[in-house]
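In the order they appear, the protein sequences are chains S and B.
Here the working numbering is used: the first residue of the first sequence is 1, the next is one more, and so on.
Here the working numbering is used: the first residue of the second sequence is 181, the next is one more, and so on.
In short, the hints are calculated from the structure, not lab data.
Quick reminder that beta carbons are idealized off the backbone N, C-alpha and C, glycines included.
Just to be clear, a hint being listed does not mean it is correct.
Looking from chain B toward chain S, a few residues come up when the C-beta cut is under 10 Å (computed) [claimed, not checked]: (1) Asp214; (2) Ser216; (3) Ser220; (4) Ala271; (5) Arg276; (6) Pro281; (7) Leu283.
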Amino acid sequence: MSKLFYPAAAVLILTVSAFTFVAAQNWQIADGYSIGWSISGSDAGGIFKTFTGSIVFDEQNPGAGKFDVKVDVASVNTGNGLMNKHVKSDEWLDAVKFPFIHFVSRSISKTAGGYQVTGDLEMHGVKKTINIPFTFQKTAQGGKFAGSFTVNRSEYNIGKPGGDTGDQIKLEISVPVTKS
Amino acid sequence: MLKKSLALGIVSGLLAGIAGIIYARVYYTINESDFSKVVSAVKIVAASVFGGVLAAIGYALLNKWLRNSGEIVFNLCFTLISFASLMAPIAVSLPRTIETPELFPGLVIPMHFFPALGWYTLKPIFIKSK
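All chains should be modelled from the sequences, with the hints used to inform the complete structure.
Quick look at the structure:
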C-alpha cells in the first residue's frame, strides 16, 4: 500500500498541475454588449437586448475554450413596435414557442485573422452546425469578443421563403467581458 | 385674409405645441417611458407651428380659389391630412437604444390632431364667419 502511495500521489499532483496550465479563462459577459442583425436587401434589422451564457476562452489555448450562450428572442428591438411584434410572432422567430436562440461551441481554433468557433446554433427549433469567425482583444478590465456571420433564414424555417425580404440574415456580435 | 389666417396658424400652432408638451409629460409619467431624446419640447412646438402655418397658407389659398366652398374643403382637407399623417409615427424606426418603441405611436398620434383642434377652437376669434 505504502509502496503505491507516493507514485500515485506524484501522478495525481502532476495531472492536476498539468490541468492548471491548460485550463482556459472563464469570462463574464459585461454590460455594453451588442447583438445586431440585418437582412440583406431590406431595411429590416435590429438588436437583441438580452444575452446570457458562459464563456471559457484562452488566447494561448483556444482549443480548451467553450462558448454556451443564449439570446432572449423576446428582447428583440427593431426600433418599431409593429415590427417587433412581427419578428416575435409565429411567422418569424415565434418567441412563445422558441424563447431562446442557443449556441454551444464544439471546437475553437486559431485562424490567420483571429479565431473560429464551430458549434451548434439552435434557432426557431432548428439546430445546425455553423462556423463563426471572431476576434478577441484584451483590455485592461478584461477583453472584447467581436464577430459576424450570416445565416440563411430559410434553413431555420424563419419567415416565408423568397418575397421582398432577403434570405440572408447577418448577425454582428460584440461582447465585452470581464475576468470571473 | 392671409394675415389673419397666418396669425391664427401661429397662435393655434403654439397652443398645440404647449398642449403637446403637457401631454408628453403626462404620458411619460403614466407609462414610465421617455422619448424626450427623439421628441424634444422644441421639436413638438416647431412641428405644431409648422402645421399651423401650413394650414394658414392652405386656408388662405382655398378661400381665394373657392369663394363659396373654401371653408368646407379646408376643414375636410385639414382633418384628412392630420389623419393621414398618423402613418409617419406608426412606420418610423426609432434608435434601437429606445427600450419601448411600441409606446411611441401612443405619444405622437394625439399630437398630430392638436394643430387642427387649436385651429378649430381659435378660428372664431381670428376669422369671423361670413
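Hints, verified against the model:
no.: 1; hint: Asp214; in the structure: 15 Å, violated
no.: 2; hint: Ser216; in the structure: 17 Å, violated
no.: 3; hint: Ser220; in the structure: 18 Å, violated
no.: 4; hint: Ala271; in the structure: 7 Å, holds
no.: 5; hint: Arg276; in the structure: 5 Å, holds
no.: 6; hint: Pro281; in the structure: 5 Å, holds
no.: 7; hint: Leu283; in the structure: 7 Å, holds
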